[in-house]
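Chains E and X supply the protein sequences, listed in that same order. To get the numbering used here, take the position in the first sequence, counting from 1, and add 82. To get the numbering used here, take the position in the second sequence, counting from 1, and add 82.
Watch out, some of these pointers could steer you wrong.
One copy or two, either will do: identical chains are not told apart, so a pair holds if it fits within one copy or between any two.
EDC-like, lysine to aspartate or glutamate: derived pairs with alpha carbons at most 20 Å apart [unchecked claim]:
(1) Lys140 x Glu128
(2) Lys140 x Asp301
(3) Lys140 x Glu201
(4) Lys99 x Glu322
(5) Lys190 x Asp284
(6) Lys140 x Asp266
(7) Lys140 x Asp219
(8) Lys190 x Glu321
(9) Lys99 x Asp284
(10) Lys140 x Glu204
(11) Lys190 x Glu176
(12) Lys99 x Glu128
(13) Lys140 x Asp303
(14) Lys190 x Asp266
(15) Lys190 x Glu263
(16) Lys190 x Asp175
(17) Lys99 x Asp287
(18) Lys99 x Asp303
Bear in mind the hints are in silico, worked out from the structure with no lab data behind them.
2 protein chains.
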Amino acid sequence: MSTAAIVVVGNEILSAKVADENGPFLARELRALGVELRRIETVPDEVPLIVEAVRRCKAAARWVFTSGGVGPTHDDVTIAAVAQALGRRVVQDERILAALGAYFGDLKAAHRRLADVPEGGEVTWPEGRLFPVISCDGVYVLPGVPSLLRSGFHGVRERFRAAPIFSRAIYFSIGESSLAEHLDATVAAYPAVAIGSYPRFDDADHRVKVTFDGRVQVDVDAALAFLRARVPLDAVVREE
Amino acid sequence: MSTAAIVVVGNEILSAKVADENGPFLARELRALGVELRRIETVPDEVPLIVEAVRRCKAAARWVFTSGGVGPTHDDVTIAAVAQALGRRVVQDERILAALGAYFGDLKAAHRRLADVPEGGEVTWPEGRLFPVISCDGVYVLPGVPSLLRSGFHGVRERFRAAPIFSRAIYFSIGESSLAEHLDATVAAYPAVAIGSYPRFDDADHRVKVTFDGRVQVDVDAALAFLRARVPLDAVVREE
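Here chain E stands alone, though its shape is the one from the complex (with noise of 0.2 Å):
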């Protein structure tokens, strides 16, 4: 099964000093490369919270990604507790510490942190981008810095592209406990689909949206038409 799930390290973001960017754009990526999204843990900078969110994670997804916590100073532990959770040492890798010597001259220790990898991890430097992408486990450390992520994301994402997830809609103007006995059905005859119920209550043009997504085409169109054919038609406002 091709799935994923995302460890945001986020003190900026708990406390409300920036809005995640990183969550909601790889969870867009991973939906259109077919890789279903299992879980998002937003947790604060300190490596005992670090570790246990990657372990789950890990326990839950064949892939997971970290945003944030990696550079040169204090609060950048994510490095640390990826290989912590994983039962790896960090050590320095060559190639990062040549590419930061040509760049900085005369490397400080604050540089120097700027190579730390779990051991045995996998350094991927994508053509003409600044920062590589460390990875080891299936567990993907990314920089919390939007663009940077999405860069880094970039240099990496065919090798996560799995088979399409189907999916389709329809919008109703009756409201959901009207639906709710039409959606068992449904639910109870198309097991493989994933069903979801959406209500609204503002001035939209419908009260509920229902959503199938699926593996298999055929099934997902089968689950609409099912749900469809069992509400009368005028209840029906669009469908896409």
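Given the structure of chain E, go ahead and fit chain X onto it with the hints provided.
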């Protein structure tokens, strides 16, 4: 300690159908109330995963807020999961049933589900609001529709107000590697102040923003002054 955690019950967020507004909204509100947000978990609409997330959040924080999964349809499983996480049965609340009866007249099974609460839970009905806020043992079950979540939270928010968190920031024109040793010294000198370092790689007027957060204003101010005094004056762009 006044701490909180959020569980977002969100297939629609994990599948990137919608961007979560509720986590960022609650983060801003809690911050303004002086409540420290310790984690946000976004999980699928699946009872075992919600149960685990609620238990973990309860262990990590005084207040837990859930978002979504409340309503009359098959994917509305949050009440059942919260009750299970707290070791309580699900029962029907008489006051909600009476309100539903007054609104809908004859109640279907789907309507009755809206009256489900964890046994012993509290039902707060803020004046003029359509839906009550259901809570139990410090866990607040809020709806996923953003306007309803906001309305519900505003009806109870004053009960969470705590001592304010003070925040300041200083912007530098030098990079993180040059700041790192001075940040380390500041972190060591002011253990009660949370210090964050946020680099930029665009054409902003600064390269690094350093933030200082704490419950004691003089400590926050002193930590900022301590760092500023260690860095060349012309490296400081501004403070706030």
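Q) Of the hints stated earlier, which fail here? A) 2, 5, 6, 8 and 13
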